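2 protein chains.
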Amino acid sequence: MGKETKELLVLEDILGSNKKIASSIRKKLTENGILAINLLSAPGSGKTSLLEKIGQKLKNKHKIGVIEGDIETERDADRIRKAGLPAWQITTHGACHLEAKMLAQIFDQIPADLDFLFIENVGNLVCPASFDLGESLRIVLVSTPEGDDKPKKYPEAFITSQVLVLTKCDLLPYLPFDTDRVIKEALEINPHLKVFKTSATSGEGLDELGAFLEAELKQRRSQHA
Amino acid sequence: MGKETKELLVLEDILGSNKKIASSIRKKLTENGILAINLLSAPGSGKTSLLEKIGQKLKNKHKIGVIEGDIETERDADRIRKAGLPAWQITTHGACHLEAKMLAQIFDQIPADLDFLFIENVGNLVCPASFDLGESLRIVLVSTPEGDDKPKKYPEAFITSQVLVLTKCDLLPYLPFDTDRVIKEALEINPHLKVFKTSATSGEGLDELGAFLEAELKQRRSQHA
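Protein sequence lines, in the order shown, are assigned to chains C and G.
Per my numbering: the first sequence = residues -13 to 211.
Per my numbering: the second sequence = residues -13 to 211.
In isolation and in its complexed conformation, chain C is listed as follows (with noise of 0.2 Å):
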């Protein structure tokens, strides 16, 4: 058998700042297509379950990758891989959000065709919404169980994303979760907020948030052909 030769993504420079890092990470991922999406929210919110049902939900039409940053273990990352999906794991020891330079470490890793690149951030709702990562989409989760007052209190992971997902929406006959109280708090922090309310173990929500993602692969692609 021959040599693999399968296509992997290259940076021309992986020094300078988080920013210069970032706007490489772009340029090289819209090149070849790639939507990338950084998923930010508090631990626990859902970002691997959601990540496992819409992963299951876009693979049979589209080549998904996924960047599992965590603080400690790789446990994000198997989930991920017995979903059926391809997983790289950042394992931060210790630092609290991904940078830019830490995805430039494992570019090289991750195959040019791509359709979806999916980055699982630290689970944290406050530190990462700083660091650009090179993203074309931040979608900031919310689950239902953290309470309908996080949008004001942690402003800045709205005012930075374009999608807010919220999560666990099948518990909420059990818990004083007022939707249209967060979507309003959210919409007046960023009014160009596009919410999508889901549930991974209901399945609710899902088909939209996928149907959405896919429009929005097509719409930036006709935008760079």
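Misleading hints may appear alongside valid ones.
Any copy, or any two copies together, can satisfy a pair, since identical chains are not distinguished.
Unchecked claim - Derived DSS-like pairs: lysine-lysine, alpha-carbon spacing no greater than 27 Å straight-line:
1) K43 <-> K204
2) K68 <-> K139
3) K45 <-> K204
4) K47 <-> K180
5) K13 <-> K45
6) K13 <-> K87
7) K68 <-> K138
If you are wondering where the hints come from, they were derived from the structure by calculation, not from laboratory data.
In this text, all values refer to a predicted model and were calculated from it rather than measured experimentally.
Chain C is already provided as a structure; the job is to place chain G on it using the hints.
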């Protein structure tokens, strides 16, 4: 009416490193027989709800104060005041954790005759773990909807705490949460953790936690008498 002469806490030194300021705060609180308790958790784990309920249990017999750390808004302090407890808000305006110098800046507002001083940190399971605030007891909270895999993914908060409080246990029938797993894992990281299973909704475990805090106060006062 004469001028009010309520005794307040005064710090000798509010300059210097976090560690130095924290030591000054701890010394002053301990001299005054105040048990300071730093509460750490992810956003929405139920720190404020726990304080509302524990505060109401303890306030008949003890004098209680609450410092509320938040990135933005005074919502949590308002909730604590509505529960009949004095609260001092520290709004960090973007900073992801409390530091001892922030407490030092409001320290002269805190009555010297408190029994318990609760410090609700910014909702963040990562960064606050690295900052000593001069507390004598650190409690880490994990809410059941966050999942049972948190201790090894976010170890620092569990290593530096003396107490683990599982919150929202009333939701257990609706969740894939293995209580034994999370306790086992937390104790592997820190075998000295004292664990409480609680629910601010059902009241489960609150008497036990309250009794533990009263016993801690008594024991620490006898040590420093």
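We went through each hint and held it up to the structure:
1. Taking CA atoms no more than 27 Å apart as the test, K43 paired with K204 passes inside one copy only; the shortest distance there is 17 Å, against 57 Å between copies.
2. For the homomeric pair K68 and K139, the shortest alpha-carbon distance between copies (19 Å) is at most 27 Å, but the shortest distance inside one copy (35 Å) is not.
3. Within a single copy, K45 and K204 get their C-alpha atoms as close as 16 Å, which meets the 27 Å cut-off; across copies the closest is 60 Å, which misses it.
4. Proximity of K47 and K180 under a CA criterion of 27 Å is satisfied intra-copy only: 24 Å inside one chain copy versus 50 Å between copies.
5. Taking the shortest Cα distances, K13 and K45 sit within 27 Å of each other inside one copy (24 Å), while across copies they are farther apart (59 Å).
6. For a Cα distance limit of 27 Å, the shortest separation of K13 from K87 inside one copy, 15 Å, qualifies, whereas the shortest one across copies, 42 Å, does not.
7. Taking the shortest Cα distances, K68 and K138 sit within 27 Å of each other only across copies (20 Å), while inside one copy they are farther apart (36 Å).
Hint compliance for this structure: no hint is broken.
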